[in-house]
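Asks: Heads up: the sequence lines are chains A and P, in that order.
Note that the first sequence ends on residue 544 in this note's numbering; no numbers are left out.
Note that the second sequence ends on residue 392 in this note's numbering; no numbers are left out.
No lab work stands behind these hints: they were computed from the structure.
There's no promise every hint is true.
[Said to hold, decoys possible] The calculated label-pair distances, taken between Cβ atoms and stated as ranges, are:
#1 P:222 <-> A:94: 48 to 54 Å
#2 A:114 <-> P:333: 34 to 40 Å
#3 P:222 <-> A:58: 41 to 47 Å
#4 P:366 <-> A:371: 45 to 51 Å
#5 A:80 <-> P:364: 46 to 52 Å
#6 P:333 <-> A:372: 26 to 32 Å
#7 A:143 <-> P:28: 52 to 58 Å
#8 A:218 <-> P:366: 54 to 60 Å
#9 A:371 <-> P:193: 24 to 30 Å
#10 P:212 <-> A:458: 45 to 51 Å
#11 A:93 <-> P:384: 49 to 55 Å
#12 P:271 <-> A:372: 19 to 25 Å
[Stated by the list, open to error] Here are some, though not all, of the chain A residues that point toward chain P, as calculated from beta-carbon distances under 7 Å:
#13 289
#14 290
#15 377
#16 386
Glycine residues also receive a C-beta, built at the ideal position from the N, C-alpha and C atoms.
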Amino acid sequence: MTTILEMRSITKEFPGVKALSDVNLDVEQGEIHAICGENGAGKSTLMKVLSGVYPHGTYDGEIIYDGKPVQFGSINDSEREGIVIIHQELALVPYLSVAENIFLGNETSGFGGLIDWNKANHEAAKLLERVGLRENPTVPIAQLGVGKQQLIEIAKALSKEVRLLILDEPTAALNDNDSEHLLDLLRQLKAQGITSIIISHKLNEIAEIADRTTIIRDGRTIETIDMSDPTSTQDRIIRGMVGRDLEHRFPERSSDIGDVVLSVEDWTVHHPTQADRVVIDRASFTVRAGEVVGIAGLMGAGRTELAMSLFGRSYGRGISGRLVKDGKEIRLNSVAEAIEHGIAYATEDRKRYGLNLIEDVRRNISIAGLRKLAPRGWVNANEELKVADEYRANLNIKTPTVLSVVGKLSGGNQQKVVLSKWLYTDPDVLILDEPTRGIDVGAKFEIYTIINRMVAAGKAVVVISSELPELLGTCDRIYTLASGRITGQVDAAEATQERLMELMTVERDGPPGVGPTGVTETEPTAAATAAPASLQNTTKESLS
Amino acid sequence: MTAIAGVRDLVTRNLRSSGIVVAFVAIVALFSVLNENFLSPGNLTNIVLQYSYILILAIGMIMIIVAGQIDLSVGSVVALTGAVSAVLVIRHDMPWWVGVLAAIGVGLLVGAWQGFWVAFVGIPGFIVTLAGMLLFRGLTYLVLDNVSLSPFGKPYSDIANGFLNGLLGGYGFDVFTLVIFAIAVVGYAVSAWRSRRGRMDYQQAVESMPLFVLKIAAVAAVVMWFAWQLANSRGLPVVLIILAVLIIVYTLVTQKSVFGRHVYAIGGNLHAAELSGVKVRKVNFWIFVNMGFLAAIAGIVYSSRMNAAQPAAGNMFELDAIAACFIGGASTTGGVGRVQGAMIGGLIMAVMSNGMQLMGVGQATQQVVKGLVLLLAVAFDIWNKRRAAALR
Chain A
1 MTTILEMRSI TKEFPGVKAL SDVNLDVEQG EIHAICGENG AGKSTLMKVL
51 SGVYPHGTYD GEIIYDGKPV QFGSINDSER EGIVIIHQEL ALVPYLSVAE
101 NIFLGNETSG FGGLIDWNKA NHEAAKLLER VGLRENPTVP IAQLGVGKQQ
151 LIEIAKALSK EVRLLILDEP TAALNDNDSE HLLDLLRQLK AQGITSIIIS
201 HKLNEIAEIA DRTTIIRDGR TIETIDMSDP TSTQDRIIRG MVGRDLEHRF
251 PERSSDIGDV VLSVEDWTVH HPTQADRVVI DRASFTVRAG EVVGIAGLMG
301 AGRTELAMSL FGRSYGRGIS GRLVKDGKEI RLNSVAEAIE HGIAYATEDR
351 KRYGLNLIED VRRNISIAGL RKLAPRGWVN ANEELKVADE YRANLNIKTP
401 TVLSVVGKLS GGNQQKVVLS KWLYTDPDVL ILDEPTRGID VGAKFEIYTI
451 INRMVAAGKA VVVISSELPE LLGTCDRIYT LASGRITGQV DAAEATQERL
501 MELMTVERDG PPGVGPTGVT ETEPTAAATA APASLQNTTK ESLS
Chain P
1 MTAIAGVRDL VTRNLRSSGI VVAFVAIVAL FSVLNENFLS PGNLTNIVLQ
51 YSYILILAIG MIMIIVAGQI DLSVGSVVAL TGAVSAVLVI RHDMPWWVGV
101 LAAIGVGLLV GAWQGFWVAF VGIPGFIVTL AGMLLFRGLT YLVLDNVSLS
151 PFGKPYSDIA NGFLNGLLGG YGFDVFTLVI FAIAVVGYAV SAWRSRRGRM
201 DYQQAVESMP LFVLKIAAVA AVVMWFAWQL ANSRGLPVVL IILAVLIIVY
251 TLVTQKSVFG RHVYAIGGNL HAAELSGVKV RKVNFWIFVN MGFLAAIAGI
301 VYSSRMNAAQ PAAGNMFELD AIAACFIGGA STTGGVGRVQ GAMIGGLIMA
351 VMSNGMQLMG VGQATQQVVK GLVLLLAVAF DIWNKRRAAA LR
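With these hints in hand, go ahead and build the complete structure from the sequences.
Replies: Structure (structure tokens):
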């Protein structure tokens, strides 16, 4: 094995902050090298130094690539050497075709500077084959799912004759199937001699695919470990990342469960534009005071659609079913009404739907509960600032001041701002959609602690998550959702990932109320919860 | 802990707005050197009178722009409201206040019409108001039968051309004007003092006492100097009072009211605002109704100043109002912008036009210069923002 890349004592300073200090990274030819670290540890900065986004001269230290010192002035320089970086936010143009995207900025022009599209499409098809995609290269990117788009980014990298491929959180937005496919592809590329650097928060993924892992914390290299070594456990990586022992990834909690706060009965939702398509099919569930209820489901099962349709009909049309809160039926026709009735929903996509990124922390916290600050329509700005400061202290939001712009905070801190916003509305039921997506391990623990504090205060929390360990670690009870139907209800203490997965993959076809073959064990629950009468059985712990 | 913020910190924090103030002061200084009459009492009065309607339009426009929309129809609405008022007052001999009320009524209807299409049908404001620009211009021609109507006569034309003076006697200067301005300055000082006390009660950073006094004194000096110039000319223009009331009311609405916050939230992130309980449609509807109201006020002021209603009145006013907002630091993508910024942006345009007119610069050159100022102002703003981001 030869070393393809060596970054020696890289130091990068921003005004007032030392983002990287004395970082070393060795990557060997043909390996898959993982980089782990909390958000804000400096992983992305390091990759930007490597790819020339921060040009030579703006940092200290040396980069040796292929045995020669290199000085990249821009991304173009690094790409010429075969270093390609694929960012977390994909850089594809939605309305251009697959082929146009693949060759964007890299078009080979023929006679008279014109592009030969037949040739380009042919080349694109060959690249698509290499990444295992059978798509027509003339299809617009927007028609493909995010998993396929990720593969097209890789095809684009291959078109640049990549030798060192850098992937920043490639599977963050992918479901399990697509993630698996992507990891397979990385193995194939490895077999073809392409070296990869992968930045990821998903430790099980790293354990599965990486040859070696470098851990970065607070802008410093902690260690590089060989993943084939039996001591290289996930716990060791976590320890390195957070600098302390996380004995338990989930904080301890003793449940003190009260009465039913919210019950949803026969909730049916149709697709907003395709009126005959049922997205949520007669879903029924209950949440009790002081209880954390989980909703598990694969992508496309309708988790977010369920939550948003409950939250003042923010999603879907043709909604039917009953919503009973504290024993009284309520009808929520707008988000404002939902908030008034003590229901809050923290979105899975905080940047697009959760935060005003150009506004400061203070006003993001106050926006949903502004009426409380403005009894007569005029906002008490001093009180607002006080409230924001209180939440900053209570939820440990790491920001210089509450007047800082939210867009500049790390993912974990942004999520805490979202939670602050909803806590300030003083909800009885808080629905959290993927509360820890894209957040590092330390911040995750803090979010779980906040959830525990909320239920300890007698509130009811619904956690929607695609990470099963998270649901098992935080919830009292878990409902499973498949193709818009609640297919089961499991007591978290007795549930296993395997059992949840079985329930989450119950097939839709077949008459309702009849469980599919092969999952006989779950049949009673699936049948029971599909029928409205099952609501009386909320305390019955099924599947035991 | 009560922190005392330093000068440097204050300057950095207010860089966005102060940058444009610096530019404004520089332009005023430049013209006062180039032309000795520029700062004369009569000319200062003229600047206020000539550009008041653009400033009034810019107040409404800034709210529309902050919400992420645009209104291209305000010039036509100025013409239409003036025309309706003229038909009633001049052709039908109604009293002046009937004309004023009718103009405001038409303005509100126009706003509700455009607000309906934007908020409840979901057509972008650009399209709705582009249609409105043609529509209301056409209606103006119909209302006026394609001819100008004039004159309005005394009470109506005093709205834009009248002065309050001599109420407390004249001694070669108008005491009333000075008293009004003195009351305003004291009011400003008191409210600044109370806001400072409030901030200290909540343990927030405030500027040090000498700096605070210095700031108040500087504002008082500039304002009283301006008052002295007015008092030495024709007294207090009625328009200035209208404008001052509008600026104060709308500054409060945008900065302190729940409605104002919702406008900023929508412009910053529409989806997030919606999911935070902001009634986006309602807010969008009302900002267009409000724009219609202010366009009507501008229409009244303009027709009063011209003492006539003309079919082509208000042509291109929308662009001046939009330019004022962008020069004043509003963001083209919404969510950013302030009333005071738009006012300074409008004043920059006003001072530029007036200064060049005094120097006898031709219309053609004026257009070129104004175009360049718009471009440079926004470029300066972007540069300033990058610098501020780097300092952070």
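Asks: So, for every hint listed, does it hold in this structure?
Replies: Evaluated hints:
For residue 222 of chain P paired with residue 94 of chain A, a C-beta distance near 52 Å keeps the hint of 48 to 54 Å intact. Here the CB-CB span from residue 114 of chain A to residue 333 of chain P is close to 35 Å, well matched to the stated 34 to 40 Å. For residue 222 of chain P paired with residue 58 of chain A, a C-beta distance near 44 Å keeps the hint of 41 to 47 Å intact. Distance hint check: the CB atoms of residue 366 of chain P and residue 371 of chain A are about 49 Å apart, consistent with the given range 45 to 51 Å.
Taking the beta carbon of each, residue 80 of chain A and residue 364 of chain P are about 50 Å apart, inside 46 to 52 Å as hinted. The hinted range of 26 to 32 Å is satisfied by residue 333 of chain P and residue 372 of chain A, whose Cβ atoms lie roughly 30 Å apart. Distance hint check: the CB atoms of residue 143 of chain A and residue 28 of chain P are about 57 Å apart, consistent with the given range 52 to 58 Å. At roughly 58 Å, the beta carbons of residue 218 of chain A and residue 366 of chain P sit within the given window of 54 to 60 Å.
Range check, residue 371 of chain A to residue 193 of chain P: Cβ separation about 29 Å, and the 24 to 30 Å hint holds. Checked against the hint of 45 to 51 Å, the C-beta distance between residue 212 of chain P and residue 458 of chain A comes to roughly 46 Å, which is consistent with it. Checked against the hint of 49 to 55 Å, the C-beta distance between residue 93 of chain A and residue 384 of chain P comes to roughly 31 Å, which is inconsistent with it. In this structure the hint that residue 271 of chain P and residue 372 of chain A lie 19 to 25 Å apart at CB holds, the actual value being about 23 Å.
With its C-beta approaching chain P no nearer than about 23 Å, residue 289 of chain A sits outside the 7 Å limit, and its interface hint is violated. Taken as an interface hint, residue 290 of chain A does not check out: its beta carbon lies about 25 Å from the nearest beta carbon of chain P, beyond 7 Å. Taking 7 Å as the C-beta cut-off, the interface hint given for residue 377 of chain A holds, the closest approach to chain P being about 5 Å. The criterion of a C-beta within 7 Å of any C-beta in chain P is met by residue 386 of chain A, whose closest approach is roughly 5 Å, and the hint holds.
This entry does not satisfy hints 11, 13, 14, going by the numbered hints stated previously.
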